[in-house]
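Student: Residue numbers (my numbering), protein chains in the order written: chain X, 1 to 143; chain B, 144 to 414.
Read the hints as simulated data drawn from the structure, not as lab findings. Nothing here was measured: the structure is a model prediction, and the numbers come from that model. Do not take every clue at face value.
Pairs of lysine-lysine residues, derived as BS3-like cross-links and limited to a Cα-Cα distance of at most 25 Å, are as follows [as the list claims (entries may be wrong)]: (1) X/K111 <-> X/K64; (2) X/K111 <-> B/K414; (3) X/K111 <-> X/K48; (4) X/K43 <-> B/K414; (5) X/K43 <-> X/K111; (6) B/K414 <-> B/K230; (7) B/K373 <-> B/K230; (8) X/K48 <-> X/K98; (9) B/K233 <-> B/K373; (10) X/K64 <-> X/K43; (11) X/K98 <-> X/K68; (12) X/K64 <-> B/K230; (13) X/K111 <-> B/K373; (14) X/K68 <-> X/K111; (15) B/K233 <-> X/K68.
What the simulated footprint calls covered on chain B by chain X, stretch by stretch (three residues with Cβ under 8 Å from a Cβ of chain X suffice, anywhere in the stretch; the number is not a length) [claimed, not checked]: (16) 226-232; (17) 241-251.
By construction, the Cβ of each residue, glycine as well, lies at the ideal position given by its N, Cα and C atoms.
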Amino acid sequence: MRRPGEAPVRYTLLGVVLVAAGLLTAPAPAVAHHGAATFETGKEITLKGVVTAWIWANPHCFLKFDAKDDTGMVRQWAAETQNPVSMTTRGWARTSFKAGDEVTVTVEPVKNGAPVGRILSVVRANGQTLRTQGPLPATTPAP
Amino acid sequence: MPRSVFGCAISLAVLLTCPSAGRAQTWNAPGLNALEFKAVPPGGPAPQRDLTGIWDGGGAGVGGAGQEAEREAARAPFTPLGEQMVKGNKPGNGPRMVPVAEINDPLSTLGDPSGFPRLLTFELRAVQIVHTPNQVLMLYMFEKRWRVIWTDGRPLPKDPDPRWYGYSVGRWEDDYTFVVETVGLDDRTWLDNSGNPHSTALRVEERYRRVSQNTLELTVVLDDPTVYTKPWMARNRLPLKAVPPGTDLMEMIPSASEAQAYQQFISNPTK
């Protein structure tokens, strides 16, 4: 039985829903074993490519993919994210990519022009966008 | 209190007190995210002489990029030897940050142990604390490493053979404050991800203050007269929050083979 002034059950459930939503949208801390010295901070390149490997590892995960440059030549890219623990809070997983997947990758490239960068976002073949920054996604996959 | 907030507090309190409740039983969890960390309720009065539980320092515990300025402000000046030692360290973060290909951090490039006290200043993720009759055990998520803190009244060893994680003894200063002293630390390790060095003369004092059922505060003081001109505080009342007790944590092990792969495909091409 509810006492006078006590929240009805539906409000408490609403609270649970709201807190669950909040828990899943919190920004993750910036974590890195290195800073920005290597990268062209603020520059973004978006590449359509095909995954050759997804390395789920410390200190950084990285995605290897082939993408054509402006001249049509295929370049073999490697682009990093944070570590598996931090990426898990953002909805990324060991199974997020497999060789042959078509992806659209937005990276912050390195300064020396090599096909290397750090990932800002990836659009998977199924249309899902995975991000490395900003609010956490609404749902995270079960382990 | 708004009713939804009240509901949030109730739901989190349930998660933190009932092992069988919903999300309290998990596999391969990353620890508390930022909002989960903030939403942990105090949970009632602190139990006496008890640190049992899984504790998470949140983003501040991880101590990643962007948090070096605060630590550098707290750091004591180097001695002349310290000035010489720090020149050999090429970190990826902090005021002496170098490009990725030039980093010589033994943790991230060689797969060396993080060592102590770096385990408290960088990547201090979830840690489970266990009491035995004569020890307190610290089981760290990062590196899947453990420390033994002897509580049987033994003195610290004299002139010990240096170890990655040193030699530790602990005592209760009062019913809520557990003090740990550590000596015998291997000087191959860095103090933090800014490349601050230390010598084998380093002594570390950790103070764990149980503030409430769900909150613990960690203060770390470093005293290394060989490298620093005075003792300094590497952690100042860092709050650690209780993680639901049924949480199975992810592994986060910086292996040598993974470090080599990173160097091959990311670091080396940037040279």
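Student: If a hint holds in the structure, say so; if it does not, say that too.
Tutor: Cross-check of the supplied hints:
1. X/K111 <-> X/K64: Holds, at roughly 19 Å.
2. X/K111 <-> B/K414: holds, 10 Å
3. X/K111 <-> X/K48: holds, 21 Å
4. X/K43 <-> B/K414: holds, 19 Å
5. X/K43 <-> X/K111: Roughly 10 Å between the alpha carbons, so the hint for X/K43 and X/K111 holds.
6. B/K414 <-> B/K230: holds, 21 Å
7. B/K373 <-> B/K230: Holds. B/K373 to B/K230 sits at ~20 Å (cutoff 25 Å).
8. X/K48 <-> X/K98: Holds - the C-alpha atoms of X/K98 and X/K48 are around 15 Å apart, at most 25 Å.
9. B/K233 <-> B/K373: Distance of about 24 Å is within 25 Å: holds.
10. X/K64 <-> X/K43: Roughly 20 Å separates the two Cα atoms, so the pair holds.
11. X/K98 <-> X/K68: holds, 19 Å
12. X/K64 <-> B/K230: violated, 35 Å
13. X/K111 <-> B/K373: violated, 40 Å
14. X/K68 <-> X/K111: holds, 19 Å
15. B/K233 <-> X/K68: The given pair, whose Cα atoms are some 35 Å apart, is violated under the 25 Å limit.
16. 226-232: violated (count 0)
17. 241-251: That given contact holds, which follows from 8 residues of the segment 241-251 of chain B lying within Cβ reach (below 8 Å) of chain X.
Of the numbered hints given earlier, the model fails hints 12, 13, 15, 16; all others are met.
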